[in-house]
Amino acid sequence: MGNILADNINRRSKRNKRFKGLIISGSIITVIPIFLIVINLIIKGVRQINLSFFTETSPDTFQAMTATANGEVIPGGIANGLVGSLIMVLLASALAIPTGLMTGVYLYENKKKRYASVIRSLTDVLQGVPSIILGIIAYIWIVKGVTRGYSALAGSIALAIMMLPIIVRSTEETLSMIPVQIREASFALGVPYYKMMIKVLIPCSFSGLATGILLSLSRILGETAPLMLTSLGSPGINLNIAKPSSAVPLLIWDFYNDPNMVSMVWSASLFLMIFVLSLNILSRSISKNRKYI
Amino acid sequence: MTDIPILTIDDLSISYEAGKYAVKNVSASIKEYAITAIMGPSGCGKSTLLRAINRMHELYPDINVTGDIKLNEESIFDIPAIELRRKIGMVFQRPNPFPNMTIYENVVAGYTLNDIRLKKSQRDDIVEKALRSVTLWDEVKDSLFRKGTFLSGGQQQRLCIARAISFNPKILLLDEPTSALDPIATSKIEDLLGELKKEYTLLLVTHNMSQAARISDDSMFMYLGELVETGQTETLFTNPKDSRTEAYLTGKFG
Amino acid sequence: MGGDRITKGLLFSSSLVLLLLSAGMIFTLASGAIPAFREFGGRFIFSSAWDPTPGKEQYGALAFIAGTMLTSLLALIICIPMAFSASLFVSEYYKGTRIASVLRSLVDLLAGVPSIVYGFWGFYTLRPLIMKTGLSDQGFGIFTASLILAIMIVPYATSLSSEIISMVSTEMKEAAYSLGATRREVIFNVVIPSAMSGIVASFILALGRALGETMAVTMLIGNANIIPKGLFSPGNTMASVIANQFGEADGLKMSALIAIGLILFAITALVNALGKVIIKRFA
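Chains as they are written, first to last, in my numbering: chain L, 1 to 293; chain R, 1001 to 1254; chain C, 2001 to 2283.
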């Protein structure tokens, strides 16, 4: 009888230990890719990065071929992509942030209405739409409908649609975390609704709102697919939003497709990752230092 | 009732962080087939002490224990914890039947969790015996295969006791088992404990000194981590030797 | 209270934007897809033909539906053990410790890598590895794409399921421990059954993300407009065929691509809705 007990205990203890080992190895395997990617990016991408990387436009294939043949750093940079991304992100933000904030506030203020839950569900659906589909939409609406050709405007629209649901949801959630007492206190003081919103709700929830906005930005910065169908890309810096425009991810795609520009691929990606990472770290530190919520 | 202690606690100290002791140099012997109450004001270390007896403290790596506890002359630290916990069962403050299991499954949960295969007839016997011992059998025999969530608080707690005694443990540890229950359920369980002590040794932590007075045979009074006084309940209550015990019993601090 | 009225009106109109946007999107996709459906009818969904020769154009979505389903489901299968391990690591074994937050941050980092970066990392790093195993001579194909996809969706599966797992009540776990269960037994008998619906929901949502992934898959799947013959054969997903061919398409071909987009939209919306429903209902 004692032996059966000892066997049982032994068997189970061993199984317990093995399982823990399995979980630990599984976790390590899960995070290995991030190390590999980052290390690769740094090793292969640092070479190309210098000041001209940011100030010059992308090289053409001939320049790149000669440079690689001579073992030199490829001339040129990602300036056209930087400007393009900047313009499109600004335009997308101008469209999405106010709309998103206001819709978020609306949902917060009208929680119980049926219409509000419809809007909320639509927001969720919109958030899950693959970005390439948004590219199709922006293509049909803007490239065919408005600018008669690829354009930065189309790209911005696609990006704005991507940002919108993220901002709406995070705004609503942030506002929901404000203690009811603060609203009640301002109403009790006879403060009109819109004033309360501007002077109380928004400042209180500022860090939460900022986090949501930063999150939506980091989401769209790396997006390539919708831009392929909308802004297409351009070899030079283009300030006209009705014309095609480059963007950093588009440049990465161009570099990838040209065998001479391999090292540019790594550098541009390194830059993009560092940028997106900094945004994430920034948003996380904002949410940690929240004063109110 | 024998006078050989079934459990001896030997200079036990338990700390959460360096230098902060929840239990300080406690030594005691627990008689078999009796109810021993551990009482004292909040924060005196009684629950911490209780949970060390079935080594539940090991779930929290920050807790440090020195000293020894012996079950029948054998140190509890010499056998695997999972084996020890079959010999020492525990009932918690808030009834916690497993919500994903039926009443039947809850009672034999000990066996299932321990990967012990039983024939259906053995299982049926265990379930009936345990539920009868806690006077729950008649109330639930027709709903054995329903999940236990429809039971009242008192019934759920009795189910938890049934689950704990299904192993026939030598000792049953009860950590304030009635503090989440209404007075009627409480008194039912107190009666139950009086019956159970015929077959099991019960160690009961309670914040309610009148409960200790009502049902326990021996009592231990703890204060600020120390075991201040221990002895037969009647004697302790009528003639406390330590002034702190007296202060507690007369309600000077709760 | 004029200011209030204006404000409320403003807020309401911004909510309308979302409504109109969604309606507009569905309308646009549907009307763009109509020519293709009118030409091929319901067969469009079940046909794997893809012939752009003018005069005898034949288009069908089946190859791409198959590609999407195969890669996404395979990615999910590969992702499950990884996400499970990471969730249990963070929410059970090392809950509350420094190393758990380190691991959680590392997993979150995976979500911050843009799809295109995954794509060429897969191209330069994974592809040679797979070529070395000899199972595929070019290294492109369903398996490679699924592998990358799995890595990409791990953070989504992990973050939700580790949250659900950490919410399992301590009391229940202690009850199990007090009955003599080992940690593994507590996990399998108490924690996982308790957290099951949340865990399932997190995997469904991860699947939803996999369905729509474009760039990384495009770069690794081999761009073959056929139903994949085997695990290592090339293929195309709905998202990748659109990415590859939309730029030069027009007329019927474009309509076919839009129709594929509509199908992708519908499948993704359904899967995501399913995940959300499960969370609301049970967790």
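Honestly, the hints are just simulated from the structure, not real lab data.
Backbone N, C-alpha and C define an ideal beta-carbon position, used for all residues, glycine too.
Please note that the accuracy of each hint is not assured.
[Said to hold, decoys possible] Some but not every residue of chain L turned toward chain R, in silico, with C-beta under 10 angstroms:
1. L5
2. A6
3. N8
4. N10
5. R12
6. K17
7. R18
8. N260
9. S263
[To be verified] When the alpha-carbon atoms are kept at most 16 angstroms apart in a straight line, the in silico EDC-like pairs for lysine to aspartate or glutamate are as follows:
10. L:K144 / C:D2004
11. L:K14 / R:E1083
12. C:K2280 / L:D124
13. R:K1031 / R:D1242
14. L:K14 / R:D1115
15. L:K199 / C:D2004
Hints, verified against the model:
| no. | hint | result |
| --- | --- | --- |
| 1 | L5 | holds (7 angstroms) |
| 2 | A6 | holds (9 angstroms) |
| 3 | N8 | holds (7 angstroms) |
| 4 | N10 | holds (9 angstroms) |
| 5 | R12 | holds (6 angstroms) |
| 6 | K17 | violated (12 angstroms) |
| 7 | R18 | violated (14 angstroms) |
| 8 | N260 | violated (56 angstroms) |
| 9 | S263 | violated (48 angstroms) |
| 10 | L:K144 / C:D2004 | violated (40 angstroms) |
| 11 | L:K14 / R:E1083 | holds (14 angstroms) |
| 12 | C:K2280 / L:D124 | holds (13 angstroms) |
| 13 | R:K1031 / R:D1242 | violated (22 angstroms) |
| 14 | L:K14 / R:D1115 | holds (13 angstroms) |
| 15 | L:K199 / C:D2004 | holds (14 angstroms) |
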